[in-house]
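Asks: Sequence:
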Amino acid sequence: MKKTITLAITGASGAPYALRLLEQLVVAQYDVFVLISSAAKVVFATEEDMKIPAQPEAASAFFTERFNANPGQIRVCGKEEWFSPVASGSAAPKQMVVCPCSTGTLSSIVVGACDNLIERAADVVLKERGQLILVTREMPLSSIHLENMLKLSQMGATIMPASPGFYHQPQQISDLIDFVVARVLDHIGVDQTLMERWGYQNK
4 MKKTITLAIT GASGAPYALR LLEQLVVAQY DVFVLISSAA KVVFATEEDM
54 KIPAQPEAAS AFFTERFNAN PGQIRVCGKE EWFSPVASGS AAPKQMVVCP
104 CSTGTLSSIV VGACDNLIER AADVVLKERG QLILVTREMP LSSIHLENML
154 KLSQMGATIM PASPGFYHQP QQISDLIDFV VARVLDHIGV DQTLMERWGY
204 QNK
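Everything in the sequence shown is counted per this note's numbering, starting at 4 for the first residue and increasing by one.
No wet-lab data here; the hints were simulated from the structure.
Incorrect hints may appear among the rest.
Stated by the list, open to error - With a Cα cut of at most 20 Å, we get these calculated SDA-like pairs of lysine to any residue: (1) 154 <-> 172; (2) 97 <-> 134; (3) 6 <-> 74.
All chains should be built: construct the whole structure from the sequences, respecting the hints.
Replies: Structure, rendered in structure tokens:
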């Protein structure tokens, strides 16, 4: 059975997390629906010096080439592409990760706004009792942010702040990125070797 997942990328800082996660999903042979906000494209240009094509088809080809994915394995959807499978409860993947997740997106999801495809896709996963993971990236957090996280957690979403650990003695920034991505992969059931597990080092 084909493995599918939705990856939404919003305008919070953290483009390296999104790229590494997408890479690992491709390696794990997932078909990935990628939803990218306009703000995320600005962040990618700033943090990765990367210009993502405006048209979904061109963006799909861009990521397919970058990650050496199979044809059709990565499908970038437009922000108002309402006929995309991710917009329908009968067709959407049962798993979705928002990485990174801005606090603006967080607040829109918690109220069921559905003003764009990212919000609609998250709403679908929640109503279908699927798995929604939000990799939040903000500090400090206001009471509004914390209340929104609590509400979404009570709805069944998993809140995973992009907060890397240091017990694995990271030597470079990529080690910190891998720590966060590894935890996301663990939660969606993808085998990973990005980091050693606690208690198993040097065994």
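Asks: The structure should be examined with respect to each hint, and the outcome stated for every one.
Replies: Status of each hint after checking the structure:
Using a Cα cut-off of 20 Å, the hinted pair residue 154 and residue 172 is violated, with the two alpha carbons roughly 34 Å apart. Between residue 97 and residue 134 the CA atoms are separated by roughly 6 Å; this keeps the pair inside 20 Å, and the hint holds. Our distance criterion of 20 Å between C-alpha atoms is met by residue 6 and residue 74, whose separation comes to about 15 Å.
The structure is inconsistent with hint 1 alone, although it conforms to all the rest.
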